[in-house]
Each structure stands twice: as structure tokens, then as C-alpha cells.
Amino acid sequence: MTKKQYAFYPGCSSQKGASAANYITSFGVICDKLDIQLNEIPDWNCCAASIGYAEGGELPRIVMGARNLALSDQHLPGQDIVSGCPACWLANREATERLQHSSSLMAEANEALKEVSLNLRTDFNTKSRHFTEVLIEDIGYAGMKAPVIKPLDGVKIAGYVGCQANRPYGIAGESFENPQYLDKMIETVGAEAVPYDQKVTCCGGALAFSEPEKAQALIRNIVESAYDHGADLIVTPCPLCQANVEIYQSEINKKQGTKFNMPVVYYTQLLNVAYGGSIKESGLDGQLIRAEKLEKIAGK
Amino acid sequence: MTTAMTTANETAVAKYKNNFLKEVEATVEEGHWVKMCMQCGVCAGSCPFGPHWEHSPQKIFMMIRAGKREEVLKSDSMWMCTSCYSCMVRCPRQLPITHIMHGLANYAYRLGLSPRGQPNQAIAKLFWDSALKYGRVNELKFSLAMYFRDGFVQGVKNALAMQGVGLGLVKAGRLNPLEIISGHTCKDTSGIHKMIAKAREIEDRRRGLA
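Here the protein sequences come in this chain order: L and P. Numbering that gives the first Met the number 0 puts the first sequence at residues 0 to 299. Numbering that gives the first Met the number 0 puts the second sequence at residues 0 to 209.
Hints were generated in silico from the structure; no laboratory data involved. Built from N, CA and C at the ideal position, the CB exists for glycine as well. There's no promise every hint is true.
Here are the simulated lysine to any residue pairs, SDA-like style, with alpha carbons at most 20 Å apart [as the list claims (entries may be wrong)]:
id	chain 1	residue 1	chain 2	residue 2
1	L	213	P	193
2	L	213	P	145
3	L	279	P	172
4	L	15	P	141
5	L	253	P	167
6	L	253	P	165
7	L	15	P	172
8	L	213	P	174
9	L	279	P	169
10	P	132	L	14
11	L	253	P	140
12	P	193	L	114
13	L	279	P	174
14	P	132	L	42
15	P	193	P	133
16	L	213	P	172
17	L	253	P	157
18	P	124	L	42
19	P	170	L	213
20	L	113	P	174
21	L	113	P	201
22	L	258	P	163
23	L	15	P	140
24	P	132	L	41
25	L	15	P	196
26	L	295	P	171
Just a sample of chain P residues kept apart from chain L, beta carbon distances all over 12 Å, derived [stated by the list, open to error]:
id	residue
27	10
28	12
29	18
30	34
31	37
32	55
33	64
34	66
35	73
36	81
37	151
38	152
39	155
40	157
All chains, please: the whole structure from these sequences, using the hints.
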């Protein structure tokens with residue numbers, strides 16, 4: 000079978016030894032089973048993220064994106080640009096839209112791109128997509144189910160979609176207030192999606208760093224609601240949501256006397272375990288709070 | 000505040016006189032949308048940091064139309080944006096509220112009017128600087144710069160308070176101590192520096208900040 004080809008934009012947090020390194024590890028088995036080939040964009044740079052606005056402004060931020068788009072178009076023409084990180088996806092997609100909508104912005108961006116000997120063609124409109132879109136739209140739920148050899152029977156999961164995997168673009172056909180796709184993926188691999196009222200709550204994003212108290216109040220709600228609904232673990236499509244919700248549980252415990260110990264994993268890790276991936280292949284050894292239920296299935 | 004910033008502010012005041020809406024439309028990212036706000040307040044009720052800011056986006060937009068230039072540009076509100084996009088997707092007029100708030104923050108910052116020592120302003124700047132320096136964000140250096148932004152003593156305290164988390168991440172393979180000497184980097188960092196300098200020069204000229 001011919002593999003489906005995509006230009007791959009990993010993003011800073013997904014590099015080796017970075018905070019979402021285990022996320023990218025868990026792509027391996029999935030791509031293998033579903034015949035997906037991710038071709039890394041050569042010499043990609045940071046997408047500038049939302050938080051880049053203060054120092055960056057509009058044009059420099061869009062230009063950071065434009066360089067990645069131009070590199071992708073040059074080296075991997077015709078391939079959709081795929082990222083696992085919602086912030087990267089958003090930035091790439093936003094850059095594409097803004098440049099398409101304004102010929103003057105496009106001209107300005109190309110003037111800056113001359114400094115790196117690149118040019119973005121004015122009719123550039125290659126799609127930037129999140130990896131969940133590839134799974135849902137190109138593979139489909141039935142396709143995702145086909146390679147399941149170890150259904151995650153009896154595992155109760157809170158599907159935490161968060162912000163940027165859902166807003167402002169989101170997955171086509173889903174609602175902003177109550178998107179269903181993550182719950183459907185959970186059920187596709189044989190686990191149970193528990194009702195979860197904090198599904199689209201903000202984790203604080205980058206401000207978890209600079210406003211720890213305010214962000215930890217949000218994170219507390221996200222974790223508490225998962226416990227209230229009987230979840231064994233939280234699953235998310237976003238590296239920043241994963242890091243914030245997992246890392247700060249110990250801080251909240253220290254300050255507020257809670258006893259949170261709720262694993263937070265990626266949707267790719269669920270698929271990986273269900274497809275027969277080992278603990279290492281699933282990146283489960285990269286959890287601060289180990290997902291014992293998944294490790295037990297992966298270790299079988 | 001540098002002299003250049005003071006001059007940019009004075010120039011803007013002279014140029015737009017008391018028409019702050021016109022100034023915002025000309026200089027702020029997506030600022031031309033502000034006049035479309037119908038004051039429903041859905042944005043105010045949608046913000047996860049709602050209890051923490053001085054003015055809601057709804058208020059900021061009306062203050063812009065009322066010409067309250069100083070109050071708007073000195074407000075901490077724009078700096079409280081987590082970029083969750085809730086206000087934006089719920090706005091019945093589909094205003095790009097998140098982007099306008101970012102744009103206002105950037106403009107206030109470039110004029111030297113934004114609140115000093117605002118922690119989210121600090122993190123935004125550190126993030127951008129880190130991304131530019133190597134072409135990619137160095138998470139370790141970025142974190143340390145954030146902890147040490149208020150001086151060495153406070154930095155050591157901050158770092159010690161988070162050392163458990165840091166060691167956990169190192170053990171899990173999600174934080175590499177070697178990043179402090181040799182981290183991930185783009186090949187063409189010097190090109191990226193020139194490209195961004197050029198972009199900033201073009202944008203500053205267009206916004207009257209040059």
C-alpha cells in the first residue's frame with residue numbers, strides 16, 4: 000500500500016529531550032499501522048505561537064510562519080502541512096489565511112523572506128492541519144479501529160480537548176462548546192469516554208508560567224472534574240495542555256492539600272497501546288504521573 | 000522608557016489628535032474591527048481570566064471609541080489573554096477579539112505605555128527572544144530566564160521551588176540539562192535574524208513607529 004505523504008512540522012516542544020518528546024515517540028507505531036509518512040520540513044523554525052505577539056507584532060510573527068510555509072512548498076510541494084501541536088497548527092494556518100487575504104501583507108512578507116532567499120508564491124494555499132484531522136478525515140474512525148488488537152476495555156477516560164485544538168478553527172463539523180471527536184477516538188480504541196464538563200476549559204496556556212496561581216485554579220477544575228466523573232486518566236491533543244495539567248498537580252497538592260495523581264496522556268498514546276505498542280513505543284515512560292492502567296495493557 | 004518610545008508616543012498623539020479609534024484602526028493588528036463591537040458583553044463572560052483584569056474586551060472597545068487613550072494603553076487587560084479564543088468564537092459579530100487584544104498589547108508595549116513589570120509581558124518577550132535567538136524555543140533557557148527575571152536571589156528561590164518538577168521531567172526524558180550549552184537550533188539562524196529585522200522595519204514604517 001502506498002503511504003499517505005505529509006509535510007511534517009514538529010514544533011519546538013516535540014523535539015528530542017523537549018517537553019512533548021514522548022508525544023512524538025507515540026506517532027511511530029500509528030504511522031506504521033496506518034500507512035502515514037510524515038516528512039519533516041527541513042530547517043523549520045518556531046511558529047511564533049500566540050504568546051509571540053508582545054515583542055513580535057503582526058508581520059514578524061506572520062513571517063516566521065511564512066518561512067516554514069515557503070520551505071515546505073519548496074521541499075515537499077503539494078503535501079499538506081501537519082503538526083501535532085495545536086499552537087503550531089493554528090500559527091501555520093493563520094499565517095496562510097492572513098497572507099491569502101491580503102496581497103499587501105503577502106508582498107511585505109516576501110520582502111522579508113528575501114533575506115533568507117525564499118519566496119512564497121502568491122497563490123499558496125496548501126492546507127495546514129492538525130494530526131487529529133489526518134486521523135479523522137483521511138483515515139476515518141473505522142480506519143483507526145482496524146489495527147486495534149488490544150482494546151482498552153474498562154479504562155475510563157476524560158477527553159480534554161482544551162482551547163487551541165478546538166478554537167478558533169477546530170475540527171470541521173465539530174462545535175466549539177462540546178466537540179465530540181476526542182470522545183469518539185476514545186471509544187474507537189475500546190475505552191469509555193466519561194461525561195466531562197471541563198472538556199474545553201483553558202489550562203492557562205503559556206500564562207501557567209507567569210500567573211501560576213490563576214492558571215492553577217483552572218487546572219484544579221480540570222483535574223477535579225475528571226475525578227468527579229470517575230475517570231482513570233485524562234487524554235488531550237495538546238502538548239501545552241498535557242504539560243500544564245500533569246506538571247502542576249504536585250504544586251496544587253503542595254499548596255492546597257489535594258491528593259491529585261491523575262495521569263494525562265495524548266490520544267496518540269491510546270491508539271499506540273491499542274495497536275500493540277510497548278510502554279516505550281507509546282511514550283508512556285515519559286509521564287510524570289504514570290498511566291498504570293495503560294502500562295498494564297501495553298505490558299501484556 | 001527609551002527616548003525612541005517617548006518620541007513614537009508623542010508622534011502618535013500629535014498625528015491622531017483626539018481620534019483614538021482612528022489611531023487604533025491604523026496601527027493595531029485587526030484594529031479596524033473595533034467599531035463593529037455591539038457591546039453585548041459575551042466576551043467579558045467568556046474569559047477564563049475574567050476575575051483578574053481591569054477591563055473586559057467589551058469595555059476596552061467602548062473606551063477606544065470614547066477616546067480614552069491613556070486608560071486603554073495602560074490597562075493590564077490585554078496582558079491577561081491566555082489565547083484561549085473563547086471570546087472570539089462566541090462573538091456574535093465574529094470580531095477577532097483575541098487578535099485585537101494581542102494587537103493592543105503590542106502597540107502599548109511598543110509605545111512604552113504598557114504596565115511595567117507585568118509578568119505576562121515578561122514571558123511574552125522572553126518567549127519571542129528565545130524563539131528568535133536559535134530559530135526554535137529552548138525550553139530550559141526560557142524557563143530559567145523566566146525564573147531569574149527578578150534577579151538572582153528570587154531566581155534561585157523560584158528554581159528551587161520547581162526543582163522537583165524539573166528533575167521529574169529530566170527523568171522522563173522531557174527536559175535535557177545539556178540544552179543549557181548546546182540546544183536545538185535552526186541552521187540558518189543568521190538568516191532568520193535578518194528576515195525578522197526586515198519584517199520589523201517594514202511594519203514599523205507602516206505603523207509610524209520607525
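Output the numbers, in ascending order, of every earlier hint that fails for this structure.
-> 1, 8, 11, 16, 18, 19, 20, 25, 36, 40
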